[in-house]
Amino acid sequence: MNRNNDGILTPRNDGTLDRRAAVAALLRDPGDLLVVTGLGAPSYDVSAAGDRPQNFYLWGAMGGTAMVGLGIALARKDRRVLVLTGDGDMLMGMGSLATIAAAGAPNLAIAVLDNGRYGETGAQRSHTALAADLAEIAAGCGWSHITTARSMAEVEALRDRLRREPLFAVLRIAPEEQPRHLPPRDGAHLTHRFRRALGIGTD
Amino acid sequence: MSPRPWQAEVYAALKTAGIGLIGYVPDAGHAHLIEAAHADPAMDAVVLTTEEEGIALAAGAWLGGVRAVLLMQSSGVGNCINMLSLPVNSRMPFFTLVTMRGEWAEFNPWQVPMGTATPAVLTAAGVHVRRADRPDDAAEMVAASAALAFDSEVPVAVLFSQRLIGAKVFTKPEPSPRTSGGTSEGAAPKVTP
Numbered sequence: 001m002n003r004n005n006d007g008i009l010t011p012r013n014d015g016t017l018d019r020r021a022a023v024a025a026l027l028r029d030p031g032d033l034l035v036v037t038g039l040g041a042p043s044y045d046v047s048a049a050g051d052r053p054q055n056f057y058l059w060g061a062m063g064g065t066a067m068v069g070l071g072i073a074l075a076r077k078d079r080r081v082l083v084l085t086g087d088g089d090m091l092m093g094m095g096s097l098a099t100i101a102a103a104g105a106p107n108l109a110i111a112v113l114d115n116g117r118y119g120e121t122g123a124q125r126s127h128t129a130l131a132a133d134l135a136e137i138a139a140g141c142g143w144s145h146i147t148t149a150r151s152m153a154e155v156e157a158l159r160d161r162l163r164r165e166p167l168f169a170v171l172r173i174a175p176e177e178q179p180r181h182l183p184p185r186d187g188a189h190l191t192h193r194f195r196r197a198l199g200i201g202t203d
Numbered sequence: 001m002s003p004r005p006w007q008a009e010v011y012a013a014l015k016t017a018g019i020g021l022i023g024y025v026p027d028a029g030h031a032h033l034i035e036a037a038h039a040d041p042a043m044d045a046v047v048l049t050t051e052e053e054g055i056a057l058a059a060g061a062w063l064g065g066v067r068a069v070l071l072m073q074s075s076g077v078g079n080c081i082n083m084l085s086l087p088v089n090s091r092m093p094f095f096t097l098v099t100m101r102g103e104w105a106e107f108n109p110w111q112v113p114m115g116t117a118t119p120a121v122l123t124a125a126g127v128h129v130r131r132a133d134r135p136d137d138a139a140e141m142v143a144a145s146a147a148l149a150f151d152s153e154v155p156v157a158v159l160f161s162q163r164l165i166g167a168k169v170f171t172k173p174e175p176s177p178r179t180s181g182g183t184s185e186g187a188a189p190k191v192t193p
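Chains F and H, in that order, give the protein sequences. Heads up: the first sequence is residues 1 to 203, going by this note's numbering. Heads up: the second sequence is residues 1 to 193, going by this note's numbering.
Isolated chain F, as found in the complex (with noise of 0.2 Å):
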């Protein structure tokens, strides 16, 4: 965080990773993953990587991402969750960074896609451009996992953790904005799909 003598904040410097690059290595070869996105552009870079039934997708819910994760993970502890997402939703669902912690999910990862903006809405500055680390807040919340990827080899090596360990992954993304890939919005659709695709009945 950079102050000058009155206190006053200079953003941080932007992160440089190409977010689709990014995404496409963290889900090459899912396997069984189960993933679930925030609303946005990390939505968006997911379906880009590939759209499957075992990825849930929020399209509103703000927030709540890394909870839907967490109940993921609760509800099959025999499977591997990664809940991908971005800035803005984590820090409005950051209380959940310390209930997550507090309740123990050895299969849930976080990796949060952090441009330090909101995309949506314009590209506004978010907090994590500003003064906020979301790493050492998960720290702060009793997080023992965490990591932050400022380039393509450290994202390649954090393909794996993610798959293993209960990881809280900050991956310093490009503010640009990429071409939207739109993934399925229909709820219940999705819903249907992801429990068929781990043997639920849907009748």
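Honestly, the hints are just simulated from the structure, not real lab data. Check the hints yourself; a few may be wrong.
Subject to a maximum C-alpha distance of 20 Å in a straight line, what follows is the list of computed SDA-like cross-link-like pairs (lysine to any residue) [claimed, not checked]:
no. : chain 1 : residue 1 : chain 2 : residue 2
1   : F       : Lys77     : H       : Pro41
2   : F       : Lys77     : H       : Arg67
3   : H       : Lys15     : H       : Glu153
4   : F       : Lys77     : H       : His38
Listed next, the stretches of chain F that the computed footprint assigns to chain H, with coverage defined by at least 3 CB atoms under 8 Å from CB atoms of chain H [as the list claims (entries may be wrong)]:
no. : stretch
5   : 96–105
6   : 189–198
Ideal Cβ positions, reconstructed from N, Cα and C, are used throughout, including at glycine.
With chain F's structure known, arrange chain H on it following the hints.
Showing chain H alone in chain F's frame:
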């Protein structure tokens, strides 16, 4: 403090309904359910920082094939509204038990606005609202409402009236020669911290 019989019956009704996960923001009126959930090896119990987390938690549990319930106080209902778009839009069940404040012998005026608004706000957000007023039908109301939620896959809230739970006591009443005995179930509040 040992639970009153209806509180034990409500926990049994949740078990019969197949609930496997309880998310809660603590409330004295839910204290027995919370203790019972933590003591039950077949139940996951998750303490939340805010009630809306419980909506998303329950949605995730449903995606994974587990039935969840959210325990909260009426003051927490207002925190939930946008998150209710998740079960409503995804045509998922959602089940919550809400202990009411601000409606019966309430001492704390800050509880009154949200307590008054709770049924209308839930209804406006698409939640079916039921109410338990008497100890002898609380468990049956929970059982029937859980069936509605999970069989018809709709959001349902059961409001436990403040008279049923007992008003929270903030100060011990001054002994007064003009006050006679005569208490009903709800007018005999248990002392809560």
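Hey, Lys77 (chain F) versus Pro41 (chain H), does the alpha-carbon distance stay inside 20 Å?
The hint holds at about 15 Å.
Restraint status (C-alpha distance of Lys77 (chain F) to His38 (chain H) at most 20 Å):
holds (18 Å)
Closer than 8 Å, Cβ to Cβ, for at least three residues: run that test on the stretch 96–105 of chain F against chain H and report holds or violated.
holds (count 5)
Is the Cα-Cα distance between Lys77 (chain F) and Arg67 (chain H) 20 Å or less?
Between Lys77 (chain F) and Arg67 (chain H) the Cα gap is close to 15 Å, so the pair holds against 20 Å.
Can you tell me if the stretch 189–198 of chain F counts as covered by chain H, using C-beta to C-beta distances under 8 Å and a minimum of three residues?
Coverage by chain H holds for the stretch 189–198 of chain F (5 residues, Cβ < 8 Å).
Check whether the Cα positions of Lys15 (chain H) and Glu153 (chain H) lie no farther apart than 20 Å.
The hint holds at about 18 Å.
No hint from the list above goes unmet by this structure.
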